[in-house]
Structure formats: C-alpha cells, structure tokens
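Asker: Using the sequences plus the hints, can you model the full thing?
Chains as they are written, first to last, in the numbering used here: chain A, 1 to 425; chain B, 1 to 416.
Errors might be hidden in some of the hints.
Stated by the list, open to error - The calculated lysine-lysine pairs, modelled on BS3-like cross-linking and capped at a C-alpha distance of 27 Å, are:
| id | chain 1 | residue 1 | chain 2 | residue 2 |
| --- | --- | --- | --- | --- |
| 1 | A | LYS136 | B | LYS117 |
| 2 | B | LYS95 | A | LYS161 |
| 3 | B | LYS62 | A | LYS345 |
| 4 | A | LYS161 | B | LYS276 |
| 5 | A | LYS75 | B | LYS276 |
| 6 | B | LYS95 | A | LYS294 |
| 7 | B | LYS276 | A | LYS61 |
| 8 | B | LYS374 | A | LYS194 |
| 9 | B | LYS117 | A | LYS326 |
| 10 | B | LYS313 | B | LYS413 |
| 11 | B | LYS410 | B | LYS276 |
| 12 | A | LYS161 | B | LYS313 |
| 13 | A | LYS345 | B | LYS224 |
| 14 | B | LYS413 | B | LYS309 |
| 15 | B | LYS62 | A | LYS293 |
| 16 | A | LYS341 | A | LYS293 |
| 17 | B | LYS117 | A | LYS293 |
| 18 | A | LYS293 | A | LYS326 |
| 19 | B | LYS95 | B | LYS62 |
| 20 | B | LYS224 | A | LYS294 |
| 21 | A | LYS345 | A | LYS394 |
| 22 | A | LYS161 | B | LYS309 |
| 23 | A | LYS62 | B | LYS313 |
| 24 | A | LYS136 | B | LYS410 |
| 25 | A | LYS341 | B | LYS62 |
| 26 | B | LYS413 | B | LYS224 |
| 27 | A | LYS75 | B | LYS374 |
Unchecked claim - Which bits of chain B does chain A cover? Going by a derived footprint, with three or more residues having C-beta under 8 Å, they are:
| id | segment |
| --- | --- |
| 28 | 16-29 |
| 29 | 58-67 |
| 30 | 121-131 |
| 31 | 275-287 |
| 32 | 302-314 |
To be verified - Short, incomplete list of chain B residues facing chain A, as computed with Cβ under 7 Å:
| id | residue |
| --- | --- |
| 33 | GLY71 |
| 34 | LYS235 |
| 35 | GLN237 |
| 36 | LEU269 |
| 37 | ASP337 |
| 38 | HIS341 |
| 39 | GLY344 |
Everything labelled a hint here was simulated from the structure, so no lab data went into it.
From the three backbone atoms N, C-alpha and C, an ideal C-beta is built for every residue, glycine too.
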Amino acid sequence: METIAHTLDNGLTVLLRPIPTSPAITVWVGYKVGSRNERPGITGATHWVEHMLFKGGGKLKKGEIDAIVGRLGGKFNGFTDTDFTIYFETLPPDHLETGLMIEAERMRNAAFDPQESESERGVIISEREGAENSPKYLLSEEMWHLAFHVHPYHWPVVGWKADLERITREDLYTYYLQHYAPNNAVLVLAGNFKPRDAMAKIQSYFGGFRPETQPPPLAVKEPPQEGERRGVIRRPGTQDHVMVGYRVAPLAHADTAAILVLQGILGGWHGLSPFGSQFVSRSNRLYRGLVDKKLATDVAAQHRMQADPGLFTIDATVREGADPEKVERAIVAEVDALARKGPTKAELGRALRQIRSWHAYDLDGPTAQALLYTWFEVVASHRWLDELLAACQKVTAEDVRRVAGTYFTEPNRTVCTFLAQRGTS
Amino acid sequence: MSGPVRLELGNGAVLLLHEDSTSPSIAFRGSVRAGAAYGPPGVAEFVARLLLRGTTRRSAAKIADATEDLGSALAATNGVESVAVEGRCTRETLKPILAILSESLASPAFPAAEVEKVRGEILGDLRAQEDDTRRVATRRLLELVYPAGHPYHRDPKGDERTAAQVPRTAIRSFHEESYGAANLILAFSGDLDEDALRTVVADAFEDLDAGVRKKPLPPPKSGKRTHEILPMPHKSQADFVAGRVALPRSHPDYYALNLANILFGRIGLYGRLGQKVRDTLGLAYYSFSALEARHAGGHWYVNAGVNPKNLEKAVAAIRAEMERLHREPFTDREIRDGKDHMIGTVQVALERSSDHAAALHDIESYGLGPDYLKRHPSIVQSLDADFVRAKAREYFEPGACSWVASGPVKGAKLAF
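Answerer: Next comes the structure, spelled out in structure tokens:
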C-alpha cells in the first residue's frame, strides 16, 4: 500500500494512506516532543500538556473535543512517550474535517485555562498513584532510573511526584508554545478519503500556522555503562518480579533489525505495536528456559526502539516458591547462550516468518496503520518502517550472535528485582 | 458492502465470514460455550489454558512451534459463559492453523506437566489480582451483587483452593462434556472468500463431535445490598466500585439502558460522571460506568481510582451525579448525541478485521439476526427519550447498589 508524503511550506509533514474500502478515517498528529525534552523540575510536563490539550481553546470550548468525537461514535486518545506525543481521532469517513479542525486547534490554540491546569494536577497525580499501585510499574521506573544517569530517559514519562506538585500553568504553556508547531509535527491520515481533496483541506486548516524556532537538538549523551547496575525494591506484595535491561541502539540504527530478530528468538514476536498482545508465544528461548522449567509464570522481552540509545528489557514474574536469583541467572544464561552460539536455523526462520506475518496483522485497519506510521515518522522516518522490516528479512544467524555479543553484555546490564514482602499486604 | 456469510455445519458449529479482499490477513474470533459458569469451580480455567498446550498427537512444544513456524497466532481465554478463541493468519496459512485449532478442540491431551505449569500460572494470576486495588474491588463487588450459588458470583479463575486442587480427571471430564461443535461459533474477517469458508474452514471443523448444546443459565437474582471496605495500606491509590444486577443482552430494555449508561459514564471522557469527578473536580484519573450484559443476566457498575484523601469527596460526587438524574434528567441534546454515538461506534469499530470478526461473533452468540448491522441504526433511533431517562433513574440508584472500597482506605467514612 502506498504512503503519499508531502511537506507544507510551514514544515508540517503530511503522510496519507488512503484505504478506499474502509468504513472509517483516522487523523493522527505526532509531535517530536517527549519526556526527553524536559528538564529536572518540570518532569512530567509533556504528559501534563497532553492532558491540557483535551480541554479546548480557539474554536473548541472545554469538553467539546470529547463531545464532538463521542457524538460521532469515534475513537480518540493521546499518548505521551519519552520521544513523542501523539493524538488521534478515528471517525466515520465523512468527518475528515472534524478531525482536522480538532487537531489544528490543538496545535496552536489550546486554552490552558489556569483553573483547568490546577484541577488537572489532581488527575495527573492520581494517574501516577494508580501506576504506583503496580509492582511492575515500580520496577520499570527503577530500571530506567538506574540505567540512565545523565540522559532524560532517567525520569519517568509521568514525571516525579515532587515536580507534579509544583509545576505551574506558565511552565506548561511555555512548553506548549515552544514544541507545538507545524515544523515539529507530522500529520497522518489513513482510511477512506481522496488524497487530493484531503490535501486541500489540510492546507486550509494547517497552512496558515507559522513555524516556530525549535530548541537545539538534545545534546545530552549517556556515557557508556561500565559495569552491571542493580536495584532492589522491597514492598508489600504477593509476587516477586525480575527485570533485566540492556542498553541498546536507537530505532534508526543499522543494528535495530538484528535486535528485533533477537527479540523474536528470545521472547517471541507480537508485532511492532507498543500496546502488547493477547497472544502468548511459547516457542521462544525465554519461555522454554523459565516458564517450562517452572521458574516463572510469564516472561516478556521488548526492544522499546527510541530516538536515542535506549533499553531492551526482559521481565519475568517469579513463580511462587522459585528463587528470584535463579530466575535472573536463567535469563542471563539464555542471553549469553545466544551471544556465544547464535540462533539455530529453525529459530531464525521462525522469527523471520513471525515478523513478516505480524507486519500484515499490524496493519489491520486505518487506526493501526496510522499509529505505526506516525510513531516511526516522529522518531525516525516513516520510510524506516518499511526499510526496517525488509532489513529484518536479511538478518543472519551471525548478525543475531553479533548484536547479542555487542549489547547484551554484563557491563551493559541493569538488573532490578521486586521482592514482595508477603503477609504485609 | 455485501452482507456476512453464515454457514451451519452438520455438527452444529456455526461459521461466519466478512470478506475483505483489501486486507492482507485474516482475523478470527469465536467462542465455545464452555466457560466457568458451566463447570465446577476453577475447572474451565484449566481447560481453556490447556487447550493449545498439547494434543494426543502433538506435545505442547510441538503445537507452539507449529503455530509460530507459520507466523500465526492462536489464543484461548476463559470467561464466565464462554471460552474465547481467536487467531491471526494469512490466506496461505489458514488451512494449517485451522488444523491445529481443530485438533486442539477435539483432542487435547492435558499433559500432566502442562497441568502443573498452568496451576502455577493460575495461582500466580490470583495472587497478582489480590495485590491490585481495582481487581480486588471489582471481584468483591460481583460477589456482593450476585447471590452465592449463581455462576456469575464466582471468579472464573476459581480461587487459590480450587486452583491448587483441580485434578486432571476433572479437566478431562469437563472438556469431554462441554467442547462439542454444537457450542462452537467462529467468525472470520479479512482476506478470505466464501468458497474458502465452505471448503477449507468447513473441512477443518465438520468432523468435530457435535456434543450437547449447553442449556441457558438461570437468570440471577439480586444479592442483598451491602458494602465492604478492604484495606490495602501499602497502596498509593484507592478504588471505589458500586453496582447492581441489571439486564441480560436479550432484554427489550437493553438498548435504552445501554444508552443511559453511555450518557452517564462512557461518552467522550466518561460521560457525566467523568465530566464531574475527573474534569471538574480533578479527583480521579478514571471515573466511569459500565454495563455488562450477558446471556442470562448482567450488572451495571461505577468505578473510580482516587487518592485516599479524596475518596470521600469522590464517592459523594458519584452519588450526587446519580441523584442528579432525578432533578436534571438527560436533555434531548444528550439523548440525541448518545444515539449518534451508538450508531457511529458500531460503524467505526468495523475498521479492523479482528473487531469485525468479533462483531459477527457477538451477533450470532446473542441471536441478534443476520441483518443486525443494518437494523442497528433504526433500533437506536427508535428509542424513546423519556424511557431512557426512566431507565437511568431506575437502575442508577445509589440505594440499590452494593459498593466496595479498596486500597489505603482505613478509617475512611464512606456513605453511598
């Protein structure tokens, strides 16, 4: 399927994926701003801004975005990540202009009413506290905190609570004005529309926005890790968890294809969608080495594929009665074995077939397509999505062994363990 | 768009198809009416989890390798009434993946080693649930709402005692008596045509034993109104849920109550409830209502995740929104918007093959008729506004709801 790319004079990148038979149209706008663009003191600002952009401004009164999309039976949401912020509406096909109008108002005209900023503080803190209820969230926060000392990946996307208690409306609005501009954004349409007609409408809604001077690219580089880092959380709970992380290359890197194939061999493949899958892979090395051996009840591996060098994580829920240290050793043993001997021919073939098939499943419907193309465009390039999947098919066993030996090493490793204090929960 | 194809096999299995030649893949969703409600406590969970983990011909590892070698995916998940079956494949891998599914449905081996592995997984899930304020509160609410003895009362996963004790013989017996083709519905959407449905798909399932079609469950009566506070002092956030017995999906009032629920706690950012508790008062990240309508009955509930210091305020706000329905019933504009929402949602959901397959499955499962997608807009448009308002007042009544608060809630003075 064809992706039509345009750039407006003001720098807005536009990608069009027409699907003439679809019963829907989806409008996505991604901004190249995430928690990596924050600084200590305003951690969580990107995510808070995202919340504020559902509260109207310009042509839209407070609550109108929800009301308009709700009335049409549409889907809508926003996501904030380390590297980007994304918004979308999926609507019946004759409502393209509705989606464009909402996103245009969101780009430059958000209200940031002081009272609304203040009431949202409670919502944001509630979101953070809800996450804190989960041992897996706490473990993940500890992992990133330990693995990155200098780079903003050090702090969580939702922000530190102390910052959330003091960030001001002015902090948020200044941040918004700086980053929400056409030359820092990508607009993606997928579904039932005519490209020429859509481009005319996009020009009319977004063409009048002036570009903004963007801050210089993030100069912070995380120094090389020179030894294993370890963290332990002891809290009331019912299950132990082990998470092992390895610092790996960013998304737009020649090694990414081999790392993805490695992920398939090590932990199974469930497509590129960041939202997980209901399907469980049971033919991978970690499942065989941990779940089949009754050390863990589940295990997952994930390359997060970020703008800057990021993390590949493996997390396991320790089976009741099993020793978390044994679980950790089993994870490391599987990784080391791959670095020593590489995958078998059968494992490699299976991973490549999985990646090929799941690409078709990943593209099921306009919303799913636009998600992938927006994500790749804001972090690297939409072309990289197709190139990466083609590159995966050329990965050899030796490539997998090489990346395992390069990145999945002891000095590059961070291990975090959640030890549940039973009987106190 | 041509209408869906329906094919009933001689053994009673029902196959459905929405053909979409522009899709590069095939999604299928289905069910076997063999959920927890039909078996001894905890047993259905074992059967569902073990279904794809070894047959009399192939080990669990071989089933997993064969599935993933194809680049396909299969899953079976236990529920209250049915076990959900789903999968992804391409036109080229359809035949072999259906052969695996059919073999797994007909002759699972329930290998002893896999049974013990699954036992550990279920116990692990139950323990994770115990440590989750939202799941603790919701689970307990269903035990309060539905009377003991009704299958909806209990956790489909069973409890720690049943999970620890379920024997392999019980697993085998439940499978033998429940997994007949007469209880099977499978809906396909994507790159598949009617000829392939009548040949490749039908061939895969026509030899399954028919078995005995499951009888409908008895409708649940309401449990006695009550409440519980479940302290989990180590948590940061509290959860509050309140609810009551509502309606089965087939009840003539279902559409009116569904519209009322959408307006109260769903539409946009969680309807009136979200507008007040989240948007205006800033008390919660989530605050919504839900209507779960099943074959024999259903329940309605509200749920909010709240900082413990805001809990009393949030509970009062939820109650006030329910009481407001008497003073300020839904306006004509709200009703109109809700109707448009219901119609649009069904259309937009069909953008994904997997959701289209799920819609076909549900239409068959609830007996809504092959022309349901065409009729749906007129069903919704014909709803009487005053009747919708009356249903909201009747069902969203704090005095009729049981409630549960969980989390760091010790000492909270709650009234609902």
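Asker: Look at each hint and say if it fits the structure.
Answerer: Against the structure, the hints:
At most 27 Å may separate the alpha-carbon atoms for a hinted pair to count; LYS136 (chain A) and LYS117 (chain B) meet this at roughly 22 Å. At roughly 53 Å between alpha-carbon atoms, LYS95 (chain B) and LYS161 (chain A) are farther apart than 27 Å, so this suggested pair is violated. This hinted pair checks out: LYS62 (chain B) and LYS345 (chain A) have alpha carbons roughly 17 Å apart, not beyond 27 Å. Between LYS161 (chain A) and LYS276 (chain B) the CA atoms are separated by roughly 24 Å; this keeps the pair inside 27 Å, and the hint holds.
Between LYS75 (chain A) and LYS276 (chain B) the alpha-carbon distance is near 21 Å, which keeps this suggested pair within the 27 Å criterion. Pair hint LYS95 (chain B) plus LYS294 (chain A) does not hold up; C-alpha atoms about 33 Å apart against a cutoff of 27 Å. For a cut-off of 27 Å, the pair hint linking LYS276 (chain B) to LYS61 (chain A) stands: about 16 Å separates their Cα positions. Restraint check: the Cα-Cα separation between LYS374 (chain B) and LYS194 (chain A) comes to about 26 Å, which is no more than 27 Å; the hinted pair holds.
For the proposed pair LYS117 (chain B) and LYS326 (chain A), the alpha carbon gap of about 17 Å is at most 27 Å, so the pair holds. Note on LYS313 (chain B) and LYS413 (chain B): the hinted pairing holds, with a Cα-Cα distance of about 10 Å set against a maximum of 27 Å. Proximity of LYS410 (chain B) to LYS276 (chain B) is assessed by CA-CA distance (about 25 Å); at most 27 Å being required, the pair is judged to hold. Simply put, LYS161 (chain A) and LYS313 (chain B) have alpha-carbon atoms about 22 Å apart, close enough for the 27 Å limit, and the pair holds.
In summary, the hint linking LYS345 (chain A) to LYS224 (chain B) is not supported, as the alpha carbons are separated by about 62 Å, beyond the 27 Å threshold. The straight-line distance between the Cα atoms of LYS413 (chain B) and LYS309 (chain B) is roughly 11 Å, inside the 27 Å bound, and the hint therefore holds. Taken as a hint, the LYS62 (chain B) and LYS293 (chain A) pair is honoured in the structure, with Cα atoms around 17 Å apart against an allowance of 27 Å. Taking the CA atoms of LYS341 (chain A) and LYS293 (chain A), the gap is near 21 Å; set against the 27 Å cutoff, the hint holds.
Distance check on the hinted pair: LYS117 (chain B) and LYS293 (chain A) sit about 9 Å apart at the alpha-carbon level, within 27 Å; holds. The straight-line distance between the Cα atoms of LYS293 (chain A) and LYS326 (chain A) is roughly 11 Å, inside the 27 Å bound, and the hint therefore holds. Our distance criterion of 27 Å between C-alpha atoms is met by LYS95 (chain B) and LYS62 (chain B), whose separation comes to about 17 Å. Among the hinted pairs, LYS224 (chain B) with LYS294 (chain A) is inconsistent with the structure: their alpha-carbon atoms are about 42 Å apart, more than 27 Å.
A threshold of 27 Å between alpha carbons decides the hint, and for LYS345 (chain A) with LYS394 (chain A) the separation of about 13 Å falls inside it, so the pair holds. At most 27 Å may separate the alpha-carbon atoms for a hinted pair to count; LYS161 (chain A) and LYS309 (chain B) meet this at roughly 16 Å. Between LYS62 (chain A) and LYS313 (chain B), the direct Cα distance comes to roughly 23 Å. Compliance with the 27 Å bound is thereby established for this hinted pair. At most 27 Å may separate the alpha-carbon atoms for a hinted pair to count; LYS136 (chain A) and LYS410 (chain B) meet this at roughly 25 Å.
Restraint check for LYS341 (chain A) and LYS62 (chain B): satisfied, since their Cα atoms lie roughly 23 Å apart, inside the 27 Å limit. A distance of roughly 21 Å separates the Cα atoms of LYS413 (chain B) and LYS224 (chain B); the hinted pair therefore holds under the 27 Å criterion. With a C-alpha separation of about 21 Å, the suggested pairing of LYS75 (chain A) with LYS374 (chain B) holds against the 27 Å cut-off. Counting residues of the segment 16-29 of chain B whose beta-carbon sits less than 8 Å from any beta-carbon of chain A gives 6, enough to reach three: the coverage restraint holds.
Check result for the segment 58-67 of chain B against chain A: holds, 5 residues qualifying (beta carbon to beta carbon below 8 Å, three or more required). Only when three residues or more bring their CB closer than 8 Å to a CB of chain A does the claim for the segment 121-131 of chain B stand; here the count is 8, and the claim holds. Counting residues of the segment 275-287 of chain B whose C-beta sits closer than 8 Å to any C-beta of chain A gives 10, which meets the bar of three, so the coverage hint holds. A count of 4 residues in the segment 302-314 of chain B with a Cβ less than 8 Å from any Cβ of chain A is obtained; the coverage claim is therefore met, three being the minimum.
Taking 7 Å as the C-beta contact cut-off toward chain A, the hint placing GLY71 (chain B) at the interface holds, the least distance being around 3 Å. The interface hint given for LYS235 (chain B) holds, since its Cβ lies 5 Å from the closest Cβ of chain A, which is under the 7 Å cut-off. Interface restraint check: GLN237 (chain B) against chain A, minimum CB-CB distance 4 Å, threshold 7 Å, status holds. A distance limit of 7 Å between C-beta atoms decides the matter here; for LEU269 (chain B) the minimum to chain A is near 4 Å, and the interface restraint holds.
The criterion of a C-beta within 7 Å of any C-beta in chain A is met by ASP337 (chain B), whose closest approach is roughly 4 Å, and the hint holds. Hint status for HIS341 (chain B): holds, given a least beta-carbon distance of 5 Å to chain A, under 7 Å. A hinted interface residue such as GLY344 (chain B) counts as satisfied when its beta carbon comes closer than 7 Å to some beta carbon of chain A; here the least separation is about 2 Å, so the hint holds.
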